[in-house]
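Chemist: Can you make the complete structure from the sequences, with help from the hints?
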Amino acid sequence: MSEDREAIDRLIELMARLPGLGPRSARRAVLHLVKKRGTLLAPLAEAMTEVGATARECLNCGNVGTGDICAICDDERRATGQICVVEDVADLWAMERSGVFKGRYHVLGGTLSALDAVGPEELRIPRLLDRVKSEAVSEVILALGATIDGQTTAHYIADQLPGVSVTSLAQGVPVGGELDYLDDGTISAALRARRTL
Amino acid sequence: MKAAVTSLDLSHFRSHKRAALSLDGRPVALYGPNGAGKTNLIEAVSLLSPGRGMRRAGAEEIARRPERLGWKVWAAVEAEGAPHEIETRAEAGQTRSVRIDGKAVPQVALARVLRVLWLVPSMDRLWIEAAEGRRRFLDRAVMSFEPGHAEAALDYEKAMRERNRLLKDGVRDAHWYAALEGRMAQAGEAISIARRAAIARLVAAQGEAETAFPAADLALGYPDETPEEAEGLRAAFAAMRPRDMAAGRTLIGPHRADLDAVWRAKGVAARDASTGEQKALLISLILANARALAAEGGAPPVLLLDEVAAHLDSRRRAALYDEICALGLQAFMTGTEPGLFEDLGERAQRFEVTETGGESQVGETT
Ligand SMILES: Nc1ncnc2c1ncn2[C@@H]1O[C@H](COP(=O)(O)OP(=O)(O)OP(=O)(O)O)[C@@H](O)[C@H]1O
Ligand SMILES: [Mg+2]
Ligand SMILES: [Zn+2]
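These protein sequences, in sequence, are chains G and X.
For the first sequence, the UniProt record's numbering begins at 1 and goes up steadily by one.
For the second sequence, the UniProt record's numbering begins at 1 and goes up steadily by one.
What the hints contain is simulated information worked out from the structure, not anything from laboratory work.
Hints may be right or wrong, so weigh each one.
[Claimed, not checked] Far from chain X, some chain G residues (derived; all Cβ distances over 10 Å): (1) Ala55; (2) Glu122; (3) Thr196.
[Said to hold, decoys possible] Partial selection, computed: residues in chain G whose CB lies under 10 Å from chain X: (4) Glu46; (5) Leu115; (6) Ala146.
Since we're looking at a predicted model, the values are computed, not measured.
We put the CB at the ideal spot given by N, CA and C, even for glycine.
Modeler: Dropping the structure here:
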């Protein structure tokens, strides 16, 4: 193969490292971009350069934005005394899309895992404990995954917040969900979290 | 209610390049010379249940040599009146994956479709070797009664591995230990309850049966004092932290449990019984397990009896066949000679397994 493909191969190789893409899909994506050089590739490159230069993690909560402090932490109206703890930024954005939660967030960036050498420091947990004091937080909502590591992390945090109300998201039947399609674990969690009408 | 494998297809599974068996639910007798591929075939059936199968082999080992392309087992099964398709495979260099009825599922989901129990020659030493083998044998029985046992065991294992890492690394964060120990205690309680319930059912099923095989009294034991309910277990884990840290691992808990068996009629511990008697005891337990499942109207297990026939005297062998047939079990049995299965007559399907040039062939015979 001639050397004029080197740059393209490098792009393919980089794209293949993206979540959800493999070598095959990366090749297809790159071919598509090359075909749409003017309308897609150039604006994409420009947008990537800009994000690369400006994006950073909020020093307070770990959200991704363009300043040292993100828009949510900067907004006084969101100092409601509630902090919602999530595993990653995608979860935070999903909560924001729903528009229901009016408080602030704390992004862990993962879950506790001794085997993967992910400890409390790596997860900004000491920072969370500081925030609970300094931001006069009265409720911490743990919106972590229903996985073993997620639940261990939830217990770890709850254990260190005496005097603060610690809650977690209910797990159960999704809105519009039919019982028939749910797995046993979901049904039993939903049953445990039942309430009187 | 019956439970059976109705079709079995192997692809690049050890010595089998391709093998396709059509089964009708009767016991299955597999005969052929040493090294023909009989055990390989029933090992494939053992992988229709969670875990590493009856040889505890890794996915890599199973891939047919010299190609090493990865392997696949596909089976149509009939369980609790419903047909299901199970596919389990491993691509080269990957772990094994499972699909049930075309849907990718975690391995533990297999326990809800088919119960598979086995006896293999290496279990001849089960009663005299380390507790691990007996624990594994017990847990397989437990899983047949309580499919959720596989999940609880996995949950416990996972939390314990995390805790062991903390112990090894000398981490002293008490909250971290507490979070993991809480999970271990919860899963541990569920494990112990399920084990005790299974033991009670096995003992009851042995007691009531007319059988040529000896009944055993069974008990759950531990090398050190071990609480079984969650609160006690949690407290014990916390109290053990210093000693566990010195050892670099978790010293007490359900992962140290042992199954004790005493030959009821003789009052002799299983480990002190003769080799043949020890084997008869295992058969007795597996049959009791099947009987208990059948009695409850649930799906009976599929049995894999590797080289069992050859080790029994002719009276016991005939009795084993009669019990298997009376319970309506699909038992896969291997032996080198077709004569070993003569007593089964029309009651079994027969397959001859042969090997040429490192490739197994399987053919039904009458
Ligand atoms: N991954 C593999 N690829 C190819 N061949 C394999 C693989 N693993 C095992 N074998 C071969 O399969 C052959 C048959 O093994 P198997 O244990 O099924 O024999 P068997 O019929 O049960 O014999 P026996 O009567 O001695 O127990 C052995 O010769 C072994 O070398
Ligand atoms: Mg064999
Ligand atoms: Zn922020």
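Chemist: Flag every earlier hint the structure violates by its number, smallest first.
Modeler: Going through the list in order, the structure violates hints 4, 6 and respects the others.
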